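Enquirer: Letter by letter, the chains look like this.
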Amino acid sequence: MAKPLSIVVCGSLVPDPLQTLEPVQTPQGPGLKNEQMLPSVLDPWAACALYEAANLAKQRAGSKVYLVALGPKAKLQQLMMTVAQKAPFTLVAVNGPAGGFTDAAEAATELVKAIKGIPGLDLSSTLLFGGCASASRDAGVTLQFVAETLGITECFMAVDELKLADDDSFSVLERIEGGQYLSSTCSGFPAAIGWATGSLPEPPNNPQVGMMNMRAVMPALMKAPVANVGVGGIAYEKTEVPSAKRDTVVKKDMAVDDIAKEIVDWIRA
Amino acid sequence: MTIKAYSIEGNGTFAQDVPAFAAAIRGAGAEIVLVPGVSRAKRSMPAAAMRAGAAIDTNVVAVQAEGDKLTVQRWAYRQRILTAFTRVARPWVILVDPSLFGDVCAQLGVTAEPMPSGAAVETRTTVNGVVAAGKGGESTIKPDSPLLFVAGAGWTKKQADGAAHLDEAAATITGFLAKSGASLGSSKSLVDMPEAAAAFSFMSHMNQVGQTGSTPRHAKGLATCCHGEEPHVVGWRFVNERRAVNLDANCGWAQGKTDVLYVADAFAVMKKVNELL
Chain D
3 MAKPLSIVVC
13 GSLVPDPLQT
23 LEPVQTPQGP
33 GLKNEQMLPS
43 VLDPWAACAL
53 YEAANLAKQR
63 AGSKVYLVAL
73 GPKAKLQQLM
83 MTVAQKAPFT
93 LVAVNGPAGG
103 FTDAAEAATE
113 LVKAIKGIPG
123 LDLSSTLLFG
133 GCASASRDAG
143 VTLQFVAETL
153 GITECFMAVD
163 ELKLADDDSF
173 SVLERIEGGQ
183 YLSSTCSGFP
193 AAIGWATGSL
203 PEPPNNPQVG
213 MMNMRAVMPA
223 LMKAPVANVG
233 VGGIAYEKTE
243 VPSAKRDTVV
253 KKDMAVDDIA
263 KEIVDWIRA
Chain X
104 MTIKAYSIEG
114 NGTFAQDVPA
124 FAAAIRGAGA
134 EIVLVPGVSR
144 AKRSMPAAAM
154 RAGAAIDTNV
164 VAVQAEGDKL
174 TVQRWAYRQR
184 ILTAFTRVAR
194 PWVILVDPSL
204 FGDVCAQLGV
214 TAEPMPSGAA
224 VETRTTVNGV
234 VAAGKGGEST
244 IKPDSPLLFV
254 AGAGWTKKQA
264 DGAAHLDEAA
274 ATITGFLAKS
284 GASLGSSKSL
294 VDMPEAAAAF
304 SFMSHMNQVG
314 QTGSTPRHAK
324 GLATCCHGEE
334 PHVVGWRFVN
344 ERRAVNLDAN
354 CGWAQGKTDV
364 LYVADAFAVM
374 KKVNELL
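Line by line, the protein sequences are chains D and X.
So the number in the working numbering is just where the residue sits in the first sequence, counting from 1, plus 2.
So the number in the working numbering is just where the residue sits in the second sequence, counting from 1, plus 103.
Worth flagging that the hints you see were computed from the coordinates, not collected in a lab.
Among the clues, some could well be false.
[What the hints assert, rightly or not] Listing some non-contacts, in silico: residues in chain X with all C-beta distances to chain D over 12 Å: (1) Ala126; (2) Ala168; (3) Pro219; (4) Gln262; (5) Asp264.
[As the list claims (entries may be wrong)] When the alpha-carbon atoms are kept at most 30 Å apart in a straight line, the in silico DSBU-like pairs for lysine-lysine are as follows: (6) X:Lys323 x D:Lys247; (7) D:Lys263 x X:Lys282; (8) D:Lys253 x X:Lys323; (9) X:Lys375 x X:Lys282; (10) X:Lys375 x D:Lys254; (11) D:Lys5 x D:Lys35; (12) D:Lys118 x D:Lys165.
For clarity, every value in this text was computed on a predicted model and none was experimentally measured.
Note that the Cβ used here is the ideal one computed from N, Cα and C, for glycine as well.
Between the sequences and the hints, there should be enough to build the whole structure, so can you do that?
Expert: Next up, the structure:
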């Protein structure tokens with residue numbers, strides 16, 4: 003019989019993609035204007051990782067999913083109001099900045115501390131999940147740093163599919179160049195999986211799951227340790243939003259034939 | 104300042120590449136190690152750099168050397184904020200965007216050597232090979248094509264007769280791709296649709312362009328039936344010439360995101376384009 007799974011998902015908040023972002027200088031280094039006020043969402047790729055983890059856990063009774071999130075405590079609490087309704091998990095919160103200008107190595111160090119502090123977690127039989135990159139720093143290095151520090155030697159990035167067998171062996175499809183996948187099999191745990199989009203839709207909100215999660219979320223937020231995360235060894239010289247506005251020509255009332263001819267001429271030019 | 108550049112080819116496993124790459128970083132004896140940011144490097148180089156005691160930055164789009172100071176540029180928040188920074192840590196591994204790697208090496212006057220890879224260590228991973236995304240057929244993702252063709256969710260909407268025409272849409276899109284040689288991109292809303300997954304078997308999440316998709320580099324881009332919302336358009340950051348076809352004259356594309364917006368029915372326009380091509 004297949005054993006219960008322990009899946010640790012690393013993921014935190016990012017500004018809602020529909021928000022306008024404006025960089026500003028703060029005493030701690032670059033930041034975003036009104037950063038504390040910006041609505042946040044769970045990082046999209048980390049969210050895919052969480053949904054995939056929940057789906058795998060559902061297939062084996064007794065499995066546990068941990069969401070290890072490094073972010074400002076107040077914003078994490080706000081985020082949990084929605085995320086906690088999506089899937090059952092245990093929150094492991096770390097109170098610190100989650101912006102795109104912080105150093106990935108420092109963030110990874112804090113995540114490792116938090117993972118090592120999870121009571122009863124056997125790292126030798128754990129799946130470490132996360133997004134293949136974040137929508138904030140977008141470096142795609144943090145999960146590998148965490149894996150390396152924890153001594154996890156099997157790591158797969160930009161994964162869209164993971165098929166798990168009862169003996170804990172699994173196959174994965176990793177995105178590579180040219181719209182192709184690298185297909186691999188791994189004979190068992192531990193392993194780190196950096197998810198791309200996966201194949202699961204966003205689960206609908208489930209208030210019952212939300213209430214169950216929130217019982218543990220609030221205590222986890224209360225005891226969240228303060229993380230020592232900053233810009234590390236990075237000396238920023240410039241953070242700017244380059245002007246991307248074009249002088250759009252809107253062509254209405256053109257005949258279809260004329261539009262088609264113009265597009266073909268433009269393609270061939 | 105000593106700079107060493109490595110090229111990386113083929114595929115490998117994390118378990119075997121990390122020690123090989125780490126040894127190469129140490130063995131290079133260089134302050135700066137340049138590597139193209141291909142998938143193999145992105146997977147294993149961060150851990151290798153950590154093992155070798157090096158700093159690392161990825162997705163770098165420009166490198167400027169002045170004496171002993173090196174400044175790099177990379178985007179944060181998914182192509183929204185451009186940053187320029189330097190580091191004092193050495194060695195410093197820099198993963199340059201693959202399409203710019205050759206130019207950066209030439210600018211710095213270095214020639215890339217093949218990166219040693221695949222150390223003889225035990226691994227639990229077996230690479231089975233490369234498979235195409237989607238459900239068979241020719242890949243619709245062509246990074247080297249000069250043209251990006253983006254299909255949006257509008258291709259699945261009901262038309263004037265009150266019915267959706269998914270088969271017709273699929274035929275028009277694939278017809279255009281075959282005739283133009285364009286690479287196919289998609290908005291998130293389209294690839295997330297179950298009905299689109301069934302009808303557009305030539306398309307997958309791999310085609311998705313934008314915040315949670317790719318940021319391709321094609322000279323030209325043509326968007327059809329797509330609203331041009333900001334999370335999608337950030338994926339167009341490096342597409343220089345842009346045109347869009349949409350029925351809504353006030354869509355996102357009209358807000359300074361494309362050079363030309365044709366307010367028209369993309370079904371009719373693209374059918375005519377296919378005829379002309």
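Enquirer: Please go over all the hints and tell whether each is borne out by the structure.
Expert: Now for the hints, and whether the structure bears them out:
1. Ala126: Holds, since 15 Å exceeds 12 Å.
2. Ala168: Nearest chain D Cβ is 14 Å from X:Ala168, so the label holds.
3. Pro219: X:Pro219 clear of chain D: closest Cβ-Cβ about 18 Å, beyond 12 Å.
4. Gln262: X:Gln262 clear of chain D: closest Cβ-Cβ about 14 Å, beyond 12 Å.
5. Asp264: holds, 17 Å
6. X:Lys323 x D:Lys247: holds, 17 Å
7. D:Lys263 x X:Lys282: Answer holds: D:Lys263 to X:Lys282 is near 15 Å, not above 30 Å.
8. D:Lys253 x X:Lys323: Given pair D:Lys253, X:Lys323 holds - Cα atoms ~19 Å apart, limit 30 Å.
9. X:Lys375 x X:Lys282: Holds, at about 12 Å.
10. X:Lys375 x D:Lys254: holds, 17 Å
11. D:Lys5 x D:Lys35: Since the Cα atoms of D:Lys5 and D:Lys35 sit roughly 48 Å apart, the hinted pair is violated (cutoff 30 Å).
12. D:Lys118 x D:Lys165: The given pair, whose Cα atoms are some 27 Å apart, holds under the 30 Å limit.
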